[in-house]
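**Student:** Each chain, letter by letter, is given below.
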Amino acid sequence: MTTAGRHMTSGCGAGLKPAHYRDILQGEPAVGWFEVHPENYMGAGGPPHAYLTEIRQRHALSLHGVGLSIGGPDPLDRAHLDRFKTLVDRYEPALVSEHLAWSTHQGQYFNDLLALPYSQETLNLVSDHVDQVQEHLGQRILLENPSTYVRFKDSTMDEVSFLKDVAGRTGCGLLLDINNVFVSCTNQGESPESYLDGFPFDLVGEVHLAGHAADEGGDQRLLIDTHDRPVSDPVWALYRRVIGQTGVLPTLIEWDSDIPEWQVLVGEVARADSILAAASSDEGARHVA
Amino acid sequence: MWHDTAGQFARSLIDPCRAVPDGLTGDSARFNVYRNNVAVGLRDILGETFPVVRDLVGDEFFSAMARAFGQVSPPRSPVLIEYGGGFADFIDGFEPARPLPYLADVARLEWAWHESYHAADAEPMSIDVLTDRNPSDIENLHFQVHPSLRLMRSDWPVASIWQAHQADTTSDLSSLPKGGEQIMVVRPYLSVEVRSLEPAAFEFAERVASGAPLGRVLEDLGDHPEWDASACLGALFDVGAVCRVV
Numbered sequence: 002m003t004t005a006g007r008h009m010t011s012g013c014g015a016g017l018k019p020a021h022y023r024d025i026l027q028g029e030p031a032v033g034w035f036e037v038h039p040e041n042y043m044g045a046g047g048p049p050h051a052y053l054t055e056i057r058q059r060h061a062l063s064l065h066g067v068g069l070s071i072g073g074p075d076p077l078d079r080a081h082l083d084r085f086k087t088l089v090d091r092y093e094p095a096l097v098s099e100h101l102a103w104s105t106h107q108g109q110y111f112n113d114l115l116a117l118p119y120s121q122e123t124l125n126l127v128s129d130h131v132d133q134v135q136e137h138l139g140q141r142i143l144l145e146n147p148s149t150y151v152r153f154k155d156s157t158m159d160e161v162s163f164l165k166d167v168a169g170r171t172g173c174g175l176l177l178d179i180n181n182v183f184v185s186c187t188n189q190g191e192s193p194e195s196y197l198d199g200f201p202f203d204l205v206g207e208v209h210l211a212g213h214a215a216d217e218g219g220d221q222r223l224l225i226d227t228h229d230r231p232v233s234d235p236v237w238a239l240y241r242r243v244i245g246q247t248g249v250l251p252t253l254i255e256w257d258s259d260i261p262e263w264q265v266l267v268g269e270v271a272r273a274d275s276i277l278a279a280a281s282s283d284e285g286a287r288h289v290a
Numbered sequence: 015m016w017h018d019t020a021g022q023f024a025r026s027l028i029d030p031c032r033a034v035p036d037g038l039t040g041d042s043a044r045f046n047v048y049r050n051n052v053a054v055g056l057r058d059i060l061g062e063t064f065p066v067v068r069d070l071v072g073d074e075f076f077s078a079m080a081r082a083f084g085q086v087s088p089p090r091s092p093v094l095i096e097y098g099g100g101f102a103d104f105i106d107g108f109e110p111a112r113p114l115p116y117l118a119d120v121a122r123l124e125w126a127w128h129e130s131y132h133a134a135d136a137e138p139m140s141i142d143v144l145t146d147r148n149p150s151d152i153e154n155l156h157f158q159v160h161p162s163l164r165l166m167r168s169d170w171p172v173a174s175i176w177q178a179h180q181a182d183t184t185s186d187l188s189s190l191p192k193g194g195e196q197i198m199v200v201r202p203y204l205s206v207e208v209r210s211l212e213p214a215a216f217e218f219a220e221r222v223a224s225g226a227p228l229g230r231v232l233e234d235l236g237d238h239p240e241w242d243a244s245a246c247l248g249a250l251f252d253v254g255a256v257c258r259v260v
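For the record, the sequence lines run as chains A and B.
Numbered according to my numbering, the first sequence spans residues 2 to 290.
Numbered according to my numbering, the second sequence spans residues 15 to 260.
This is chain A alone, in the form it adopts within the complex (with noise of 0.2 Å):
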């Protein structure tokens, strides 16, 4: 059925949102590729699948998961994995990503992405639920950093260890959002160079940017992940500065709430491309040296 290659075109890419399918494919492709939250996908047939069947001939994509609660206690949900896996037969995405957080209790589900304390027990678990994951789906998925607000007094290890750990016994790559590392850092009072000097870049097979808001409690120090404005400046420094050390990266844009034209997209995506494009010189020029 798909048409377009399933590997990634290097190069920066857009979650894809229903508002722009029509400018997608009316007009030149100015995005290389996109990614969907396979939940969106989860119906049976209309005008979502019919768009993403047609973008997905032109385009390779991502199945970026939010639903799987990896983190959480609970087994996972079989029929959530069966559903996730007909899309990964269907849509054959060159990535396939989740959240290290959790999101269900006890078949409750929160829609959002909690945060979990990093310890040996959680770490078990987590690399259980990665472990079955890829053998469900067929495939190495990427695990992604979370935004977080909270710590717990359970913690006996750092997050970038605790993901490096994982990774190390599933095999799975990373998906570092800078986005969230900066928000993470800032409500911790850490500093996110130092976090991102720790952070293992070989295992990265994508990276995220998006917008954050400050809290309108007037907590100063509070950043709130919202998806809803253009990547903040200190994300494009903390960006620049990670592409300059890994070279071109997957890199993709997400904007979920308030979603804009679709031309503000393409601007956000021009400028992560116009990054990648310094740093693919720059790697040119080190092997012509």
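All the pointers check out, no bait thrown in.
Distance ranges between label pairs, derived from CB positions: (1) A/Q107 to B/A43: 24 to 30 Å; (2) A/T87 to B/S140: 30 to 36 Å; (3) A/Q27 to B/Y203: 16 to 22 Å; (4) A/A45 to B/K192: 36 to 42 Å; (5) B/A43 to A/S192: 21 to 27 Å; (6) A/A271 to B/S140: 43 to 49 Å.
Mimicking EDC-like on lysine to aspartate or glutamate, the simulated pairs with C-alpha atoms at most 16 Å apart in a straight line are: (7) A/K154 to B/D41; (8) A/K18 to A/D257; (9) A/K165 to A/D198; (10) A/K18 to A/D229; (11) A/K154 to B/D18; (12) A/K18 to A/D259; (13) A/K86 to A/D132; (14) A/K154 to B/D36; (15) B/K192 to B/D169; (16) A/K18 to B/E62.
Calculated from the structure, these hints are not laboratory results.
Only a predicted model underlies this, so the values are computations on that prediction, with no experimental measurement involved.
Ideal Cβ positions, reconstructed from N, Cα and C, are used throughout, including at glycine.
Given the coordinates of chain A, assemble chain B onto it according to the supplied hints.
**Tutor:** Quick look at chain B alone, frame taken from chain A:
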């Protein structure tokens, strides 16, 4: 144990009267970010599925109603396009909505629209398939309707109310019909169609959709005053509601 901490976290998340869970360090007030995300997330999901209900009651009322619904009927699946099927019944019993007796049926229509939008795809059939059949054959035919077809009756003119709230509408609420409406919702291709039908045409569609052979449907409807069997049949095909004839 993470299981216990998560249980406490989950209970505090949905019940704002409950204390912030033990086991967190630092500024525990930040737990409210998660509470707020969950409440706002549900409000937004319901608002996307029920935009006319939201328009009719305003954002503040809608938020409170969505929150109250979320407390008794939280999502049971991460597939949120399945969330909201019980919203209309909830509105029926929601005391503050009592001055708007049609509100629950508007929600029923929006849920029908939503189900139709996401229903399985199927190719609609042209009425031409009937042209070569002889009349006795036609009486024995069963029609398989499109998977997106939804039929509902209301004591209120909710299709007209719904229409008046569409962005591309030319109708307005000053010309609202009196009394109830019988409504057909169907999505033969990419657009969901919402039609208000005459009582006989509605009953005809209902009987055909139930799988009764055409002959029996015609018999049952025989004493309906002022109804035109071939017009009803033609309309059903025209809107793309028939997928198979057996």
